[in-house]
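**Student:** Construct all of the structure, not just a fragment, from the sequences and the given hints.
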Amino acid sequence: MNDRRVVNKCEKNAEAPRSASPAPSTEAETQPELWTTMEGTSLYLPIVILLMQCSPSVPVTVSTNRPKVEVEEFSDAELSCLFHTETDPNPRIEWKKKAKEVSFVYFDGRFRGPFEGRATIDGATVTLHRVTQEDAGEYRCEISASLDTVSLGETNVTLNVLVPPQTPTCEVPASAVTGSAVQLRCRDQQSVPPATYSWFKDNKPISKPRHANATYLINSHTGILEFKAVTKEDSGRYSCLASNGVGSPKMCEAKPMTIEDVNMTVILGSVVVVFLLLVVCGCGGMLLHRNGLLTQGHRGRSNVNYVPPPQEPQDFKHTQSFML
Numbered sequence: 001m002n003d004r005r006v007v008n009k010c011e012k013n014a015e016a017p018r019s020a021s022p023a024p025s026t027e028a029e030t031q032p033e034l035w036t037t038m039e040g041t042s043l044y045l046p047i048v049i050l051l052m053q054c055s056p057s058v059p060v061t062v063s064t065n066r067p068k069v070e071v072e073e074f075s076d077a078e079l080s081c082l083f084h085t086e087t088d089p090n091p092r093i094e095w096k097k098k099a100k101e102v103s104f105v106y107f108d109g110r111f112r113g114p115f116e117g118r119a120t121i122d123g124a125t126v127t128l129h130r131v132t133q134e135d136a137g138e139y140r141c142e143i144s145a146s147l148d149t150v151s152l153g154e155t156n157v158t159l160n161v162l163v164p165p166q167t168p169t170c171e172v173p174a175s176a177v178t179g180s181a182v183q184l185r186c187r188d189q190q191s192v193p194p195a196t197y198s199w200f201k202d203n204k205p206i207s208k209p210r211h212a213n214a215t216y217l218i219n220s221h222t223g224i225l226e227f228k229a230v231t232k233e234d235s236g237r238y239s240c241l242a243s244n245g246v247g248s249p250k251m252c253e254a255k256p257m258t259i260e261d262v263n264m265t266v267i268l269g270s271v272v273v274v275f276l277l278l279v280v281c282g283c284g285g286m287l288l289h290r291n292g293l294l295t296q297g298h299r300g301r302s303n304v305n306y307v308p309p310p311q312e313p314q315d316f317k318h319t320q321s322f323m324l
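If you count the sequence shown from 1, position 309 lands on 309 in UniProt numbering, and the numbers rise without skipping.
Accuracy of the hints is not assured; some may be wrong.
[What the hints assert, rightly or not] With a straight-line cut-off of 27 Å between C-alpha atoms, the simulated BS3-like cross-links for lysine-lysine are: (1) Lys68 - Lys97; (2) Lys98 - Lys68; (3) Lys228 - Lys204; (4) Lys201 - Lys228; (5) Lys204 - Lys250; (6) Lys232 - Lys201; (7) Lys232 - Lys208; (8) Lys68 - Lys100; (9) Lys96 - Lys68; (10) Lys204 - Lys232; (11) Lys201 - Lys255; (12) Lys208 - Lys250; (13) Lys228 - Lys208; (14) Lys208 - Lys255; (15) Lys255 - Lys204; (16) Lys228 - Lys255; (17) Lys250 - Lys201; (18) Lys255 - Lys232.
[What the hints assert, rightly or not] Label-pair ranges, simulated between beta-carbon atoms: (19) Lys98 - Gly123: 17 to 27 Å; (20) Glu253 - Cys283: 52 to 62 Å; (21) Lys68 - Glu253: 51 to 61 Å; (22) Arg110 - Pro67: 19 to 29 Å; (23) Ala229 - Thr169: 51 to 61 Å; (24) Thr178 - Leu277: 49 to 59 Å; (25) Ser248 - Pro89: 20 to 30 Å; (26) Pro194 - Gly123: 13 to 23 Å; (27) Glu253 - Glu101: 41 to 51 Å; (28) Pro194 - Leu217: 11 to 21 Å; (29) Pro67 - Pro194: 36 to 46 Å.
FYI, nobody ran anything at the bench for these hints, they're computed from the structure. From the three backbone atoms N, C-alpha and C, an ideal C-beta is built for every residue, glycine too.
**Tutor:** Structure representation (structure tokens):
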């Protein structure tokens, strides 16, 4: 009944302009406008509801704003982990360290193993305090939201712990002879990243050779200073400097190297003496052999198999009586 009355009113209002009836009242003008507004709203409402039902849901997402972290040894390292969940207000947060075997860093609301007591967490971002080389590696942040459509998300963070160079070990030979090949070695096993090396002679830097015919070579990565053939001018005090861009460079204590000339007179004299000894020994052996002193027939006979002649019986008896 109400629908019909509304329709009749709309029809009458539609026919009103054709008749010569007086102008409609304010109430009559408001009702068609209200109906038109409601009718337009009713057309858009199903579309809005459909869009709300069909709009894609946002599952758990995990990210980091610093996938690679580099800090100096014994400083703090922040491992960033940012997450957003669809509906789960309290997702589970886990941190793991990936090495030969995966180990827990943060699990069940607390830090584990070597990180217990020296790490803090804010949201899902972890801060490790006073890191060492043992802490370097790849870490994974995992967020588990059981109420979300996609319940698991993760992100990785790589931690590099930088170590400044230590005082390098320098191997410098104390002496060498002219013309010989000589190697000087310098090495620092602890610096991260690996150190590069430069050599000094008498506190003055040794520049890298610029031509292929140089008498020496320097390898800044291995720390080897190699002389192809040393001369008297190469004598001096040598030291090595290690640097890697982290902290201050370190230098080993200077060590002396003396280059000595070869004494040809002494060497020739030694050769002559050895030669004469060989000649004398050879001639003596030939003379002994020629005189037959070295042959087996002229050697002295051995008395090992000598048997004394038997004694006569009376002698034996006389001996016996004498003894009695």
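**Student:** None of the hints should be skipped; say for each whether it holds.
**Tutor:** Quick rundown of the hints versus the structure:
1. Lys68 - Lys97: 14 Å, holds
2. Lys98 - Lys68: Since the Cα atoms of Lys98 and Lys68 sit roughly 14 Å apart, the hinted pair holds (cutoff 27 Å).
3. Lys228 - Lys204: 21 Å, holds
4. Lys201 - Lys228: Between Lys201 and Lys228 the Cα gap is close to 17 Å, so the pair holds against 27 Å.
5. Lys204 - Lys250: 16 Å, holds
6. Lys232 - Lys201: 14 Å, holds
7. Lys232 - Lys208: Given pair Lys232, Lys208 holds - Cα atoms ~20 Å apart, limit 27 Å.
8. Lys68 - Lys100: 20 Å, holds
9. Lys96 - Lys68: Within the cut-off at roughly 16 Å; holds.
10. Lys204 - Lys232: 18 Å, holds
11. Lys201 - Lys255: Since the Cα atoms of Lys201 and Lys255 sit roughly 10 Å apart, the hinted pair holds (cutoff 27 Å).
12. Lys208 - Lys250: Status holds; Cα separation ~20 Å.
13. Lys228 - Lys208: It holds: about 14 Å lies between the C-alpha atoms, which stays within 27 Å.
14. Lys208 - Lys255: Between Lys208 and Lys255 the Cα gap is close to 20 Å, so the pair holds against 27 Å.
15. Lys255 - Lys204: Roughly 14 Å separates the two Cα atoms, so the pair holds.
16. Lys228 - Lys255: Between Lys228 and Lys255 the Cα gap is close to 20 Å, so the pair holds against 27 Å.
17. Lys250 - Lys201: OK: Lys250 and Lys201 at ~16 Å, within 27 Å.
18. Lys255 - Lys232: 16 Å, holds
19. Lys98 - Gly123: 17 to 27 Å: 22 Å, holds
20. Glu253 - Cys283: 52 to 62 Å: Holds - the Cβ-Cβ distance for Glu253 and Cys283, about 57 Å, lies within 52 to 62 Å.
21. Lys68 - Glu253: 51 to 61 Å: Check failed, 37 Å falls outside 51 to 61 Å.
22. Arg110 - Pro67: 19 to 29 Å: Holds, since Arg110 and Pro67 (Cβ atoms, about 25 Å apart) stay within the stated range.
23. Ala229 - Thr169: 51 to 61 Å: With Cβ atoms ~26 Å apart, the hint is violated.
24. Thr178 - Leu277: 49 to 59 Å: About 29 Å separates the Cβ atoms of Thr178 and Leu277, which means 49 to 59 Å is violated.
25. Ser248 - Pro89: 20 to 30 Å: 50 Å, violated
26. Pro194 - Gly123: 13 to 23 Å: Distance hint for Pro194, Gly123 is violated at roughly 36 Å.
27. Glu253 - Glu101: 41 to 51 Å: 43 Å, holds
28. Pro194 - Leu217: 11 to 21 Å: 19 Å, holds
29. Pro67 - Pro194: 36 to 46 Å: Given a distance of about 23 Å, which is not inside 36 to 46 Å, the answer is violated.
Going through the hint list in order, the structure does not satisfy hints 21, 23, 24, 25, 26, 29.
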